[in-house]
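Given these sequences and hints, build the entire structure.
For the sequence shown, the numbering used here assigns the number 15 to the initial residue and increments by one for each residue that follows.
If you are wondering where the hints come from, they were derived from the structure by calculation, not from laboratory data.
Incorrect hints may appear among the rest.
[To be verified] Below are the DSSO-like pairs computed for lysine-lysine, each with C-alpha atoms no more than 27 Å apart in a straight line:
#1 Lys46 - Lys36
#2 Lys77 - Lys46
#3 Lys77 - Lys36
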Amino acid sequence: MRDLSPLLRAAALTVLVDQLTKYFVVNAMNLKELGAIPVLPPYIQFRMAWNEGVNFGIPLAGKWVLVALAVAICGAILWWMTRDRPGSLVQVSAGLVIGGAVGNVIDRLIYG
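Dropping the structure here:
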C-alpha cells in the first residue's frame, strides 16, 4: 500500500483551518451577534447565514442523510487512493476534498 501521508496531512490541515477560521469569525469577531462585519466596505463583508439544505438552501431528507453521504464519499475517495496509488498532487487534492467534507460533517453535527 502506498504512503497516504500527503492525503492525510492535507485532510487534517483542511479540517483544522476550516474549524479554526469558522470559530474565529463567528465567536471572536462576534459575527453571530452582529450579523455582518464590514471587511472592505462597501465591497466585502462577512454575513452570517445558515444553509440547512444541500446547496443554496435546497432541502434534502435531513442532516443524517447528508452526513452519511459525506462519509460515503470520503470512504470512496480513500478506497480509490489505496487502489490506484496516485502521486502526491492527487493525494493532496483528495485530502482537500476529504477535509472539506469532514468539516461539513462537523458543522452539521454541531450546528444542525
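Against the structure, the hints:
1. Among the hinted pairs, Lys46 with Lys36 is consistent with the structure: their alpha-carbon atoms are about 11 Å apart, no more than 27 Å.
2. Among the hinted pairs, Lys77 with Lys46 is consistent with the structure: their alpha-carbon atoms are about 22 Å apart, no more than 27 Å.
3. A distance of roughly 19 Å separates the Cα atoms of Lys77 and Lys36; the hinted pair therefore holds under the 27 Å criterion.
Of the numbered hints listed earlier, not one is contradicted by the structure.
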